[in-house]
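Protein chains: 2
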Amino acid sequence: MSNQATKPHERLADVLADDLVAVNDLITARMASEHAPRIPQVTSHLVGAGGKRLRPMLTLAAARLCGYEGAHHIKLAATVEFIHTATLLHDDVVDESGQRRGRPTANLLWDNKSSVLVGDYLFSRSFQLMVETGSLRVLDILANASATIAEGEVLQLTAASDLATDEAVYTQIVRGKTAALFSAATQVGGVIAGASEDQVQALYDYGDALGIAFQIADDLLDYQGDAATTGKNVGDDFRERKLTLPVIKAVAMASPEERAFWERTIAKGRQQDGDLEQALALMDKYGTLDATRADAIGWADKAKASLGRLPDHPIRTILHNLTDYVVARLN
Amino acid sequence: MSNQATKPHERLADVLADDLVAVNDLITARMASEHAPRIPQVTSHLVGAGGKRLRPMLTLAAARLCGYEGAHHIKLAATVEFIHTATLLHDDVVDESGQRRGRPTANLLWDNKSSVLVGDYLFSRSFQLMVETGSLRVLDILANASATIAEGEVLQLTAASDLATDEAVYTQIVRGKTAALFSAATQVGGVIAGASEDQVQALYDYGDALGIAFQIADDLLDYQGDAATTGKNVGDDFRERKLTLPVIKAVAMASPEERAFWERTIAKGRQQDGDLEQALALMDKYGTLDATRADAIGWADKAKASLGRLPDHPIRTILHNLTDYVVARLN
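Protein sequence lines, in the order shown, are assigned to chains A and B.
In case it helps, our numbering puts the first sequence at residues 1 to 331.
In case it helps, our numbering puts the second sequence at residues 1 to 331.
Just so you know, the hints here were simulated from the structure itself, not pulled from any lab data.
A few of these clues could be false.
SDA-like, lysine to any residue: derived pairs with alpha carbons at most 20 Å apart [as the list claims (entries may be wrong)]:
#1 242(B) to 253(B)
#2 242(B) to 291(B)
#3 52(A) to 8(A)
#4 7(B) to 297(B)
#5 242(A) to 111(B)
#6 242(A) to 37(B)
#7 7(B) to 18(B)
#8 302(B) to 320(B)
#9 242(A) to 302(B)
#10 242(A) to 38(B)
#11 242(B) to 111(B)
#12 7(B) to 17(B)
#13 304(B) to 316(B)
#14 302(A) to 218(A)
#15 304(A) to 320(A)
#16 7(B) to 218(B)
#17 268(A) to 111(B)
#18 268(B) to 160(B)
#19 268(B) to 235(B)
#20 242(B) to 38(A)
#21 242(B) to 111(A)
#22 242(A) to 158(A)
#23 268(B) to 268(A)
#24 52(A) to 14(A)
#25 242(B) to 37(A)
#26 7(B) to 54(B)
#27 242(B) to 293(B)
Turn these sequences into a full structure, and let the hints steer you where they fit.
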C-alpha cells in the first residue's frame with residue numbers, strides 16, 4: 001500500500017480509495033440535471049477527463065487525519081471539486097483556451113455561454129452540498145475562499161501584464177488561483193472532524209503553503225520545464241504576457257534598457273523572434289529562476305512545518321511526501 | 001406617502017426608505033475591492049445605473065410585513081441584489097447584449113472576461129453576506145434558488161429555439177429567469193423575521209406567482225408593447241428566436257404548414273421580410289396573445305390570494321397593488 005515507487009498523490013488515493021468512490025458517486029449524482037441535458041454533457045466531459053482529484057483528496061485526508069468517522073467529508077470533498085470545476089469552466093472562457101487536460105475545452109466543444117452557465121450551475125450545486133453539512137463555520141470558510149478566488153482572478157486580469165505588479169500582488173493572485181481552495185479544502189476537513197482551533201489553523205497553513213508552492217512550481221516549470229513531462233511549451237506564460245515570479249524578480253532588478261525590453265514584450269505585447277531567449281538570458285543574469293525555486297522550497301518547508309502541529313498519522317506522512325514531490329519536480 | 005398618483009414600487013420605496021438607504025450603503029461597501037480596481041469600476045457602472053431595486057425591496061417588505069425589528073434583512077436585501085447583478089453580468093455575456101438599462105453593457109465597455117469574473121465575485125460576496133445572518137434555513141433557500149436560476153438559464157440556452165419546448169418547460173425557464181429569485185427574496189424576509197411556516201410558504205407562493213406573472217407580462221409586451229413605453233422593439237424575441245408563451249401556444253395549435261413556418265423562422269432562424277407580421281397574424285388567429293394575458297392575470301390572482309395568508313399591514317396593501325400594476329401594463 002505504501003509502495004515507495006508510487007507517487008504520493010497515488011498513495012493518498014490508495015489510502016482514501018473507499019472515500020473517493022463515494023465522492024465520485026456523489027459528483028455524478030449531483031452534476032446531473034433532470035431538465036437541462038446540456039449540463040451533464042458539459043460536466044461529464046470535464047469530470048470524465050479525470051484530473052488527479054487533488055483538492056477533494058485534501059479534504060478527505062484532513063478529515064481522516066483528525067479522526068473523523070462521519071460522512072460529511074464526502075459532501076465537502078465533492079463541494080471542493082465542484083468549485084474547482086466551475087472555476088476551470090470560467091477560466092477557459094477568460095483565457096480563451098482550446099485545450100484542457102489534453103482534450104478540447106468545453107467552450108470550444110459547445111460555446112462560451114454553456115461554459116459560463118454550467119459553471120454557475122456547478123457553483124450553486126456546491127453551495128447546496130455545503131449547506132447540507134449544517135456547519136456555518138464550513139460555509140463561512142468556503143464563502144471567504146470563493147471571494148478570494150474571484151478577487152484573485154479579476155486581479156490577474158488587470159495585473160498580469162502590468163510591470164508594476166510586485167511579489168505581494170503575485171502572491172495574492174496565486175492565493176486566488178490555487179492556494180485559497182487548497183487551504184479551504186484542508187481547513188473544512190478539520191472543522192467537520194471537530195479538530196481543535198490550533199489544528200484547524202495548522203490545516204489552513206498547510207493548504208495555503210502547499211498551494212503557493214504548487215503554483216510557484218508551475219510558473220517556474222513554464223520557463224524551465226520539459227514539454228514531454230509538463231505538457232506545456234517553454235515560455236507559454238511569456239507569450240501570453242503573464243507576469244509570473246521569475247519575470248517579476250527580473251523586472252525588479254532591470255536596468256533602464258532591460259526595463260524597456262519588458263515594457264515592450266510584456267506590457268505592450270510587441271514580441272518578436274528571439275525575445276523568449278532574451279527573457280531567459282535576463283532571468284539567468286539575475287538568477288531569478290534559482291530564486292523562484294528557493295521561494296517554492298521555502299513555502300514547501302512552511303507547509304511541512306505546519307504538519308508538525310497535526311496528529312501523528314500515516315496520512316500525515318503522505319502529506320509530507322506530497323509536499324516534497326511538488327518541489328522535487330523542480331530539480 | 002401613499003399618494004395614489006405614484007406607482008406601487010415607488011410607494012414601496014417610500015415606506016422602506018430608511019432600509020433602502022442602509023441597503024445601498026451596504027452594497028457600496030461590499031462591492032468594493034481593496035486589490036482589484038476593475039471590480040468597483042464594473043459594479044458601480046451597473047449598480048449606479050439604478051434599476052428599481054425591486055428584488056431587495058421584496059425582502060425588506062416581507063421582513064417588515066412579518067414584524068421584523070432586527071437588522072439582518074438589510075444583509076439579505078443586499079444579498080439578493082448582488083445575486084441579481086451577478087446574473088445580469090453573466091446574462092449579458094451569454095446574450096451578447098450591447099445595452100442594459102439604456103447604457104452600454106459591462107461586457108462591451110470592458111470585456112466578457114471582466115463580466116464573467118466580476119459576476120463570480122459578486123456571487124461570492126452575496127454568499128459571504130448571507131452566511132453573516134447565521135441562518136442555515138436562509139442559506140438553504142438561497143442555495144436552492146441559485147441552482148434553479150442556473151439550471152433555468154442552461155435550459156433556456158438549449159430549449160429557446162426548440163419547437164418541442166412546451167408550456168411546462170417555459171414555466172421552468174421563467175422560474176429560473178425571474179421567479180426563483182423573487183420567491184427566495186420574499187421567503188428569506190419571512191424566515192429572518194421568524195414568521196410561521198404557513199406565512200413563509202405564503203411568501204414563497206407570492207414571490208413565485210408575482211415573478212411568473214412579471215415575466216409572462218414581459219414576454220407578452222415584446223409582441224404588443226409600445227416601444228416608447230417598454231424601451232423594446234416589438235418582435236425582439238422573435239428575431240432572437242426565443243420561444244415565449246405567445247409563440248408556444250401558437251405552435252401547439254399550428255397546422256402542418258404553419259408548423260413549417262415556425263420551424264423555418266424559430267428553429268432554423270431563416271427569417272425574411274414579413275415574417276414578424278406573419279407570426280403576429282398566427283398569434284391573432286389562435287388568440288394566443290389574449291390567452292397569454294389571461295395566464296399572466298391568473299398568476300397575479302394567485303399572488304394576491306397568497307397575500308391573504310399574511311398579516312394585515314400597509315405593506316401588504318402595496319404588494320397587492322404592485323401585483324395589479326404588473327398586469328395592468330397589459331391593457
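Against the structure, the hints come out as follows:
A threshold of 20 Å between alpha carbons decides the hint, and for residue 242(B) with residue 253(B) the separation of about 18 Å falls inside it, so the pair holds. At most 20 Å may separate the alpha-carbon atoms for a hinted pair to count; residue 242(B) and residue 291(B) meet this at roughly 18 Å. At roughly 11 Å between alpha-carbon atoms, residue 52(A) and residue 8(A) fall within 20 Å of each other, so this suggested pair holds. Proposed proximity of residue 7(B) and residue 297(B) is supported: the alpha carbons are some 19 Å apart, at most 20 Å.
With a C-alpha separation of about 18 Å, the suggested pairing of residue 242(A) with residue 111(B) holds against the 20 Å cut-off. Among the hinted pairs, residue 242(A) with residue 37(B) is consistent with the structure: their alpha-carbon atoms are about 19 Å apart, no more than 20 Å. Distance hint between residue 7(B) and residue 18(B) is fulfilled; the C-alpha atoms sit about 19 Å from each other, no more than 20 Å. In summary, the hint linking residue 302(B) to residue 320(B) is supported, as the alpha carbons are separated by about 11 Å, within the 20 Å threshold.
With a C-alpha separation of about 55 Å, the suggested pair residue 242(A) and residue 302(B) falls outside the 20 Å cut-off, and the hint is violated. Simply put, residue 242(A) and residue 38(B) have alpha-carbon atoms about 18 Å apart, close enough for the 20 Å limit, and the pair holds. Restraint check for residue 242(B) and residue 111(B): not satisfied, since their Cα atoms lie roughly 25 Å apart, outside the 20 Å limit. Distance check on the hinted pair: residue 7(B) and residue 17(B) sit about 15 Å apart at the alpha-carbon level, within 20 Å; holds.
Distance hint between residue 304(B) and residue 316(B) is fulfilled; the C-alpha atoms sit about 9 Å from each other, no more than 20 Å. Annotation: proposed proximity of residue 302(A) to residue 218(A) holds, straight-line Cα distance about 18 Å (limit 20 Å). The hinted pair formed by residue 304(A) and residue 320(A) meets the criterion: a straight-line CA distance of about 6 Å does not exceed 20 Å. Between residue 7(B) and residue 218(B) the alpha-carbon distance is near 18 Å, which keeps this suggested pair within the 20 Å criterion.
As the CA atoms of residue 268(A) and residue 111(B) are separated by approximately 18 Å, the hinted pair is consistent with the 20 Å bound. Our distance criterion of 20 Å between C-alpha atoms is met by residue 268(B) and residue 160(B), whose separation comes to about 12 Å. Under the criterion of a C-alpha separation no larger than 20 Å, the hint pairing residue 268(B) with residue 235(B) is consistent with the structure, at around 17 Å. The straight-line distance between the Cα atoms of residue 242(B) and residue 38(A) is roughly 18 Å, inside the 20 Å bound, and the hint therefore holds.
Among the hinted pairs, residue 242(B) with residue 111(A) is consistent with the structure: their alpha-carbon atoms are about 18 Å apart, no more than 20 Å. The hinted pair formed by residue 242(A) and residue 158(A) meets the criterion: a straight-line CA distance of about 11 Å does not exceed 20 Å. Between residue 268(B) and residue 268(A) the alpha-carbon distance is near 43 Å, which puts this suggested pair outside the 20 Å criterion. Using a Cα cut-off of 20 Å, the hinted pair residue 52(A) and residue 14(A) holds, with the two alpha carbons roughly 12 Å apart.
Pair hint residue 242(B) plus residue 37(A) holds up; C-alpha atoms about 18 Å apart against a cutoff of 20 Å. Proposed proximity of residue 7(B) and residue 54(B) is supported: the alpha carbons are some 13 Å apart, at most 20 Å. A C-alpha spacing of about 18 Å is found between residue 242(B) and residue 293(B), which places the hinted pair at or below 20 Å, so the restraint holds.
Violation of the numbered hints given earlier is confined to hints 9, 11, 23; the remaining hints are satisfied by the structure.
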